[in-house]
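Please construct the entire structure, taking both the sequences and the accompanying hints into account.
For the protein sequence lines, the chains are A and B, in the order given.
Quick note, our numbering runs 106 ahead of the 1-based positions in the first sequence.
Quick note, our numbering runs 78 ahead of the 1-based positions in the second sequence.
These aren't lab readings, by the way, just hints derived from the structure by calculation.
Keep in mind that this is a model prediction, so the values were computed, not measured.
Careful: at least some of the hints might be erroneous.
[As the list claims (entries may be wrong)] The list that follows gives simulated cross-link-like pairs (lysine-lysine, DSS-like), each with its CA atoms no further than 25 angstroms apart:
| no. | chain 1 | residue 1 | chain 2 | residue 2 |
| --- | --- | --- | --- | --- |
| 1 | B | Lys89 | B | Lys138 |
| 2 | B | Lys138 | A | Lys109 |
| 3 | B | Lys230 | A | Lys138 |
| 4 | A | Lys109 | B | Lys133 |
[Stated by the list, open to error] For the chain B half of the interface with chain A, some residues (derived, Cβ under 7 angstroms), not all of them:
| no. | residue |
| --- | --- |
| 5 | Val91 |
| 6 | Ile93 |
| 7 | Trp202 |
Beta carbons: idealized from backbone N, C-alpha and C, even for Gly.
Okay, here's what each chain looks like letter by letter:
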Amino acid sequence: MIKVLFFARLQEEIGKESMEVEKAGVSVSDLKKWLAATHHLPHMTQTMAAINENYANDDDIVNEGDTIAFIPPVSGG
Amino acid sequence: MADDLFAVTDKPVSIGEITQKVIRPECGAVTTFTGTVRELTNGKRTLSLEYHAYKSMAVKMLEQIGQEIQEKWPDTLAAITHRTGHLQISDIAVVIAVSSPHRKAAYEANQYAIERIKEIVPIWKKEHWADGTKWVGDQLETTAYPQGKPPKGDAL
Numbered sequence: 107m108i109k110v111l112f113f114a115r116l117q118e119e120i121g122k123e124s125m126e127v128e129k130a131g132v133s134v135s136d137l138k139k140w141l142a143a144t145h146h147l148p149h150m151t152q153t154m155a156a157i158n159e160n161y162a163n164d165d166d167i168v169n170e171g172d173t174i175a176f177i178p179p180v181s182g183g
Numbered sequence: 079m080a081d082d083l084f085a086v087t088d089k090p091v092s093i094g095e096i097t098q099k100v101i102r103p104e105c106g107a108v109t110t111f112t113g114t115v116r117e118l119t120n121g122k123r124t125l126s127l128e129y130h131a132y133k134s135m136a137v138k139m140l141e142q143i144g145q146e147i148q149e150k151w152p153d154t155l156a157a158i159t160h161r162t163g164h165l166q167i168s169d170i171a172v173v174i175a176v177s178s179p180h181r182k183a184a185y186e187a188n189q190y191a192i193e194r195i196k197e198i199v200p201i202w203k204k205e206h207w208a209d210g211t212k213w214v215g216d217q218l219e220t221t222a223y224p225q226g227k228p229p230k231g232d233a234l
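Encoded structure:
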């Protein structure tokens, strides 16, 4: 089980802050593609990802128990 | 001490309080940057706005900016607090204070901090306009994130 967090526009598009999925072992990019396809999220390719609060690369693997956050372009400051 | 220097809060931010965190005997210069809510952006009137944060990671990224500043300007000390929640025009959104023995490093490090905040800190601004709302992104026009993650700390 991995925990997926959504923020900002992405959170509104999917209609929830988080979800748990049985996708341990998948790469960040494959998880993005799966979420985009199954939840109709058109902006996943413009989204960064962080695994356990560290920015991740698209080919990083999400392991059992990890928390992955999808981070749309940030606009703080 | 580090967790006190870098914070994300839903309470009003005091410029004086953040500045006091970095004042110390060995410094002769303190720069303070204050980011406030702007009413007009490209002619469009903002009524109010909301900042949302991935708070735990945002604090961690602010601490990382602090470390980057320490490496680039070793004699400086930085403190950053970013506000979240619903803000009105002219409310303070972010305060960055940097102290150093001499002014140059304090100015440079302070500018570096705000540029990095706009790159790596997971905080989002939602604009409330008269005709609707919108999540703002892409302030640096790097929407596509070709590497899937933000740029490394070599700005400026």
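Verification of the hints:
{"no.": "1", "hint": "Lys89/B - Lys138/B", "in the structure": "holds, 19 angstroms"}
{"no.": "2", "hint": "Lys138/B - Lys109/A", "in the structure": "holds, 19 angstroms"}
{"no.": "3", "hint": "Lys230/B - Lys138/A", "in the structure": "holds, 23 angstroms"}
{"no.": "4", "hint": "Lys109/A - Lys133/B", "in the structure": "holds, 17 angstroms"}
{"no.": "5", "hint": "Val91", "in the structure": "violated, 13 angstroms"}
{"no.": "6", "hint": "Ile93", "in the structure": "violated, 16 angstroms"}
{"no.": "7", "hint": "Trp202", "in the structure": "holds, 4 angstroms"}
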